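The listed protein sequences correspond, in order, to chains A and B. The numbers in our numbering rise by one with no breaks, and the one at position 501 of the first sequence is 501. The numbers in our numbering rise by one with no breaks, and the one at position 69 of the second sequence is 69.
Don't take each hint at face value.
Identical copies carry no separate label here, and so any pair may be met within one copy or between two of them.
Okay, derived cross-link-like pairs now, DSSO-like style, lysine-lysine, Cα gap no bigger than 27 Å in a straight line [as the list claims (entries may be wrong)]: (1) Lys-352 <-> Lys-134; (2) Lys-54 <-> Lys-513; (3) Lys-20 <-> Lys-386; (4) Lys-81 <-> Lys-513; (5) Lys-108 <-> Lys-119; (6) Lys-284 <-> Lys-140; (7) Lys-4 <-> Lys-386; (8) Lys-513 <-> Lys-119.
Honestly, the hints are just simulated from the structure, not real lab data. All of these numbers come straight from a predicted model, not from anything done at the bench.
Number of protein chains: 2
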Amino acid sequence: MNFKQTKTWSQIQDYFQSIKDKNLIEFFDKKRLDYTTFDFNGIYFDFSKNYIDKKLIDLFVSLAEEIDLSRAIEEMFQGKKINFTENRAVLHTALRSQSATEIIVDNKNIIPLIHQTNKKIKRFTKKVIDGQWKGFTGKKITDIVNIGIGGSELGPKMIVRALKPYRNHLNIHYLSNIDPNQLDELSEKIDIETTLFIIVSKSFSTIETLTNAKSLQKIYHKNFIAKHFVTVSTQVEKAVEFGIAPENIFPMWDWVGGRFSLWSPAGISIPLAIGFDNFQKLLKGAYQIDEHFRKTKFKENIPFIASILSIIYNNLFEFETETYIPYTEKLKYLPDFLQQLLMESNGKSIDKQGDKVNYQTGQIVWGNIGTNAQHSFFQLLHQGTKKVPVHFIGELKNTYTSFSTQHLMLLSNMIAQAEALMKGEKNENHYKNFEGNRPSTTILFDEIKPEYLGSLIAYFEHITFLQGIFWDINSFDQFGVELGKKLAQKIYSETKEMNISNTHDPSTKFLMKKLME
Amino acid sequence: MNFKQTKTWSQIQDYFQSIKDKNLIEFFDKKRLDYTTFDFNGIYFDFSKNYIDKKLIDLFVSLAEEIDLSRAIEEMFQGKKINFTENRAVLHTALRSQSATEIIVDNKNIIPLIHQTNKKIKRFTKKVIDGQWKGFTGKKITDIVNIGIGGSELGPKMIVRALKPYRNHLNIHYLSNIDPNQLDELSEKIDIETTLFIIVSKSFSTIETLTNAKSLQKIYHKNFIAKHFVTVSTQVEKAVEFGIAPENIFPMWDWVGGRFSLWSPAGISIPLAIGFDNFQKLLKGAYQIDEHFRKTKFKENIPFIASILSIIYNNLFEFETETYIPYTEKLKYLPDFLQQLLMESNGKSIDKQGDKVNYQTGQIVWGNIGTNAQHSFFQLLHQGTKKVPVHFIGELKNTYTSFSTQHLMLLSNMIAQAEALMKGEKNENHYKNFEGNRPSTTILFDEIKPEYLGSLIAYFEHITFLQGIFWDINSFDQFGVELGKKLAQKIYSETKEMNISNTHDPSTKFLMKKLME
Numbered sequence: 001m002n003f004k005q006t007k008t009w010s011q012i013q014d015y016f017q018s019i020k021d022k023n024l025i026e027f028f029d030k031k032r033l034d035y036t037t038f039d040f041n042g043i044y045f046d047f048s049k050n051y052i053d054k055k056l057i058d059l060f061v062s063l064a065e066e067i068d069l070s071r072a073i074e075e076m077f078q079g080k081k082i083n084f085t086e087n088r089a090v091l092h093t094a095l096r097s098q099s100a101t102e103i104i105v106d107n108k109n110i111i112p113l114i115h116q117t118n119k120k121i122k123r124f125t126k127k128v129i130d131g132q133w134k135g136f137t138g139k140k141i142t143d144i145v146n147i148g149i150g151g152s153e154l155g156p157k158m159i160v161r162a163l164k165p166y167r168n169h170l171n172i173h174y175l176s177n178i179d180p181n182q183l184d185e186l187s188e189k190i191d192i193e194t195t196l197f198i199i200v201s202k203s204f205s206t207i208e209t210l211t212n213a214k215s216l217q218k219i220y221h222k223n224f225i226a227k228h229f230v231t232v233s234t235q236v237e238k239a240v241e242f243g244i245a246p247e248n249i250f251p252m253w254d255w256v257g258g259r260f261s262l263w264s265p266a267g268i269s270i271p272l273a274i275g276f277d278n279f280q281k282l283l284k285g286a287y288q289i290d291e292h293f294r295k296t297k298f299k300e301n302i303p304f305i306a307s308i309l310s311i312i313y314n315n316l317f318e319f320e321t322e323t324y325i326p327y328t329e330k331l332k333y334l335p336d337f338l339q340q341l342l343m344e345s346n347g348k349s350i351d352k353q354g355d356k357v358n359y360q361t362g363q364i365v366w367g368n369i370g371t372n373a374q375h376s377f378f379q380l381l382h383q384g385t386k387k388v389p390v391h392f393i394g395e396l397k398n399t400y401t402s403f404s405t406q407h408l409m410l411l412s413n414m415i416a417q418a419e420a421l422m423k424g425e426k427n428e429n430h431y432k433n434f435e436g437n438r439p440s441t442t443i444l445f446d447e448i449k450p451e452y453l454g455s456l457i458a459y460f461e462h463i464t465f466l467q468g469i470f471w472d473i474n475s476f477d478q479f480g481v482e483l484g485k486k487l488a489q490k491i492y493s494e495t496k497e498m499n500i501s502n503t504h505d506p507s508t509k510f511l512m513k514k515l516m517e
Numbered sequence: 001m002n003f004k005q006t007k008t009w010s011q012i013q014d015y016f017q018s019i020k021d022k023n024l025i026e027f028f029d030k031k032r033l034d035y036t037t038f039d040f041n042g043i044y045f046d047f048s049k050n051y052i053d054k055k056l057i058d059l060f061v062s063l064a065e066e067i068d069l070s071r072a073i074e075e076m077f078q079g080k081k082i083n084f085t086e087n088r089a090v091l092h093t094a095l096r097s098q099s100a101t102e103i104i105v106d107n108k109n110i111i112p113l114i115h116q117t118n119k120k121i122k123r124f125t126k127k128v129i130d131g132q133w134k135g136f137t138g139k140k141i142t143d144i145v146n147i148g149i150g151g152s153e154l155g156p157k158m159i160v161r162a163l164k165p166y167r168n169h170l171n172i173h174y175l176s177n178i179d180p181n182q183l184d185e186l187s188e189k190i191d192i193e194t195t196l197f198i199i200v201s202k203s204f205s206t207i208e209t210l211t212n213a214k215s216l217q218k219i220y221h222k223n224f225i226a227k228h229f230v231t232v233s234t235q236v237e238k239a240v241e242f243g244i245a246p247e248n249i250f251p252m253w254d255w256v257g258g259r260f261s262l263w264s265p266a267g268i269s270i271p272l273a274i275g276f277d278n279f280q281k282l283l284k285g286a287y288q289i290d291e292h293f294r295k296t297k298f299k300e301n302i303p304f305i306a307s308i309l310s311i312i313y314n315n316l317f318e319f320e321t322e323t324y325i326p327y328t329e330k331l332k333y334l335p336d337f338l339q340q341l342l343m344e345s346n347g348k349s350i351d352k353q354g355d356k357v358n359y360q361t362g363q364i365v366w367g368n369i370g371t372n373a374q375h376s377f378f379q380l381l382h383q384g385t386k387k388v389p390v391h392f393i394g395e396l397k398n399t400y401t402s403f404s405t406q407h408l409m410l411l412s413n414m415i416a417q418a419e420a421l422m423k424g425e426k427n428e429n430h431y432k433n434f435e436g437n438r439p440s441t442t443i444l445f446d447e448i449k450p451e452y453l454g455s456l457i458a459y460f461e462h463i464t465f466l467q468g469i470f471w472d473i474n475s476f477d478q479f480g481v482e483l484g485k486k487l488a489q490k491i492y493s494e495t496k497e498m499n500i501s502n503t504h505d506p507s508t509k510f511l512m513k514k515l516m517e
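In isolation and in its complexed conformation, chain A is listed as follows (with noise of 0.2 Å):
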C-alpha cells in the first residue's frame, strides 16, 4: 500500500490546506523545540523550520500505522527478501551489528561471516598501515589508489575526506572515471613503488573499474601484481587470474548494495585511512542510530520526522529538488554522496504491484559547500521563483585552535541564512523584499568523529528507505541505468569498427560519425 491509498492521507491534504499558507513563523509556540528539535549522541537535529506541527507528525504517525510501517522496518533488520525484484535481502545495517542476535540469510547466519571478514581487514589494514606490506622493490606503501566507482567510490571518499583529523600517513586516492585525464592527474601524485591498489568491483568487470585496473596492471611486471593490487570482489577466479593472491580477495555479499556498501570490505579504504579502531567506531555510530530508528516510537523517532518532511516537500508542496549545504569542507563530498543515495535509491516509477506509480516519487538532490554557495546560487533561494528545502549541516568544534574567529563567521553564516529563509524581511524596494516562509533543517555535530558520522550517514540511509516505503517502491535495485550501458557498448562497438548500424536516429548517427573523424 502507498501512502495515497490510506484513510489517513485525504485528513493529511485538507490539514496540509490549512497550513500551506501560513508564515513559518506562526509555527512557534512555546513547545514547538520540544518535538521538533533532537539531540542524539552529539549530534543537534533542528526540524523546526519546517512546515510541520504536533498535528501533522500525529496524522503521519497514523498513516505509518496504516501501511504497517513497523513491520517493513523489522523486515529489512532481520534480512527478508525486500529487494523483491533482485530477490535479495537488505542488510547492510548487519555489517554494523554490535548484538550477538542471528541474522539469517539463505538458511545461513550471517554475522560470524561478517565477524571473520572484519578480523582480516584488520590484519591486512594494520599491515599497510605499520609498513609490513611492502612494494617490488621493498618500500613501504605510501599510497593507496582505490579504483571504483559509483558506491565503490562515492562514501569511502567523502568518510576519508571527512575524518582529515584521524588520517595516518597514508595518501588515498580515487580513481573513477575512465576519462584518461584523471589518471593522468592520478599518475602525477604517485610513485609505483609504493602504491598499492585497491580494485572494488563485485562483478570483476564494471568497465570503468577493470579498464583503469588493467592500465595500472601493465606498468607492473607480472610476478609483482600480488604486491600492488588487492580487490574487494565476488569474482575469486577472475582475481586471481589478474594476479591477485587468493588471501587478498575481499567478499561482497548480495546482501548488500552499491550505493550501501561502505560499511563493508567495499570501504576498505576508509580503515586504511584511519585505522581499524576508528572504523569499528564509525560502525558502533551507525549502529546506534540503527536502534534509535527501530525502537523509538514514530513521533520522536529522528529518521521518521526526516521523511516525513520529504512527503511533505515532494507530494503536498510538490517541490522536485532539496539542497544540502555542509558549512565545513570536511563534508564538501556530502552532496555527491547523498545524490546516489537517494536519487538512485528513489529515481522510480514502477510501484511493488508492477504498476506506475500515480505520485511524485524521488527528489532530485543537489547542493555545494557553505559559505561558497552564498556568492553563488543562494540568490534563487531567496527570492528565486522556486522553493527548495535546505539542509544546513555543520560542526561546533573548531578543529584549528588559531582560527575561532573564522570558525565562529562560518557557523554565524550557516544560521543566518536558515534565519533569513524563514523570516525574510520587507522592504518597499520591491527588489530588496525577502518574502522568507522558506523552509530548512539543520544538523550540527559536537564534532565530527567517526562515531557521529556513523550515525549521520545512517540517519541519511534510513530516510531513504523510509521514503521507499512512503511511496511504495523497491529502493534497492537499480535496472535504470542498464539501458545505457548497452547501448554504449554498442556505440563503442560500431565506432571501432567504423559501421554505423541502421538502428540509431539521425542524431545519434550525427554524432558517432564525429567521433569516427
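With chain A fixed as given, assemble chain B onto it according to the hints.
Positioned in the frame of chain A, the structure of chain B alone reads:
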C-alpha cells in the same frame, strides 16, 4: 514586456499542446539536423533531441520581435545601463572586443582603458612566469593562490582546470571559503617563500576573502608583503594600507559583474596559468560568439535556440531543473560555474516594472561529471517521475595518445546516454521498462582549447542574458544575498559577546546557544 504579455505566447501555448505528448523521435524528419545542429568554429551543438521544431522556432522568433529582443541585445553591447537597479552598464563583452569601435560609459570610451589594463596584466604575468618576480628570500614564484569567492573563483578555477594541457610550471590554488579547513589543506601544499597571493575583491572587504588574506598576511614580515601580495580591487587606499605596492593593484569596473568577470583582471589567475597569449585566445573565442550572437538572425542564432529551450522546459513543461554533465574531467568545475551564472543571474521574482512575476523564472542548475554520474543519479533521469533536460558536453580529441580505448568508451557512453534517454526501450517487465522522451542537448568540442572554451563560456553568458529578457527581470544584480550577510554579522557579534538579542526566533536562539557552549 515579458514573454507572457506577447500576442505570440498564446499561439506558442496552443502549438505546445499539440506537440507535448509526441515521442521525441517523431520530430526527426529529413531536415531536422539542418536546423537543430550547428557547427561553430570547432564546437558542434546538437539540439535535435529536444521538444522543438521549425514551427516552434518561428513562433519564438516572432515573440522575440514582439519584445524587441534585437534592441535589448544592442543595448547590452553598446553599454546602456541595463542593470537598472544598480544604474550600471553590463559590458563583459567589451573586455573581449577585438574591434576598435568605441564603447562609451559615462561619457568615456572604455576600450583604451581595457587595452591598457591588458598590457599591464601581460607584463605582470610574464614577470611571474619567467621567474623575474622574486619572493622575500630571492626565490622564484612557484605557486599562486587566488583568494576570492563566488565570481572571483568559479570562472577562473574552471578554466584553469579545463586548460591543463596549456599550463606552465606554476601551481595555481584557489582559496575561497572562510572555513579554516580549506586554509589548512592549502597550507600543506605551499611554501611561503615562493608563493604569490592574489586578493580578488572589488570592495577589498568581502569577509571571506579579507579574513583569509589577513591570516596569510601575518605569516610575512611587513616589509615583505609587497613581494607576496597583489590585488584586483577598486579600493586602492585599502590595498596600499594592506601593504600592496600601488603598481600591483589591478582595476575592476562596476560595468562587469562578478559572475561575468573572468575576462577582466579578476581572471588574472588564468593568464598566470596558461600565459597571456593563450588568455588572449580565450578572449578571442568569446568575441567570435559575441559577433555570432549579435549579428545572426534568430533562427540560426545558437544562444537564441538554446535560450528558447529554457522557456519551453521552464514555462511550458514546468520542469524545475536542468543538469549539466561534462564527459571530461577537464570540465569538472563547469557545473559549479553554471550554477552561479544562471541561478544568481535569474533567480529573481520582480520584473522590470517592480512587480512580482506570475510565472517561473531561473531554473535550478546542477550536475556532475560523466561517466561517474551514470553510477550515481542517472537511475532517476531514466526511470524517475521527474524529467530533467540534460546537457552533455564532450571533447572529441583524445589528449593522451596511449588511452584511445578509454577515450572512445567515454564518448560512446555520453552518446549512448542521450540516445537511451530519448528512445527508451519497451520491456514487459515494468521494472526494466524505459519510457524515453527525455530531452537532451549535446555539445562536442573538437578540442578544449582556449578559443573554443572562450566561445562556450560566452554562449552560456548569452543564454543567461536572453532568459532574463524573456522573463523581464534584471539578470545583473543580486540583492538576494544581502539579508543573509547582514544577519550573519549580527549573529556573529551576539554569539561572540554571549548576548543573544530578542529579535531572533526560538530556533535561531537554540542554534546560537549551541554555538556559545
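Structure-based check of all given hints:
Taking identical chains as interchangeable, the C-alpha atoms of Lys-352 and Lys-134 are never at most 27 Å apart, the minima being 51 Å within one chain and 68 Å between chains. Taking CA atoms no more than 27 Å apart as the test, Lys-54 paired with Lys-513 passes between copies only; the shortest distance there is 24 Å, against 61 Å inside one copy. In this assembly of identical chains, the alpha carbons of Lys-20 and Lys-386 lie at most 27 Å apart whether taken from the same copy (15 Å) or from different copies (23 Å). For the homomeric pair Lys-81 and Lys-513, neither the shortest alpha-carbon distance inside one copy (46 Å) nor that between copies (45 Å) is at most 27 Å.
Taking CA atoms no more than 27 Å apart as the test, Lys-108 paired with Lys-119 passes inside one copy only; the shortest distance there is 19 Å, against 75 Å between copies. For the identical chains of this complex, Lys-284 and Lys-140 are neighbours neither inside a copy (31 Å) nor across copies (51 Å), given an alpha-carbon limit of 27 Å. For a Cα distance limit of 27 Å, the shortest separation of Lys-4 from Lys-386 qualifies both inside one copy, at 25 Å, and across copies, at 18 Å. Within a single copy, Lys-513 and Lys-119 get their C-alpha atoms no closer than 53 Å, and across copies no closer than 43 Å, so neither meets the 27 Å cut-off.
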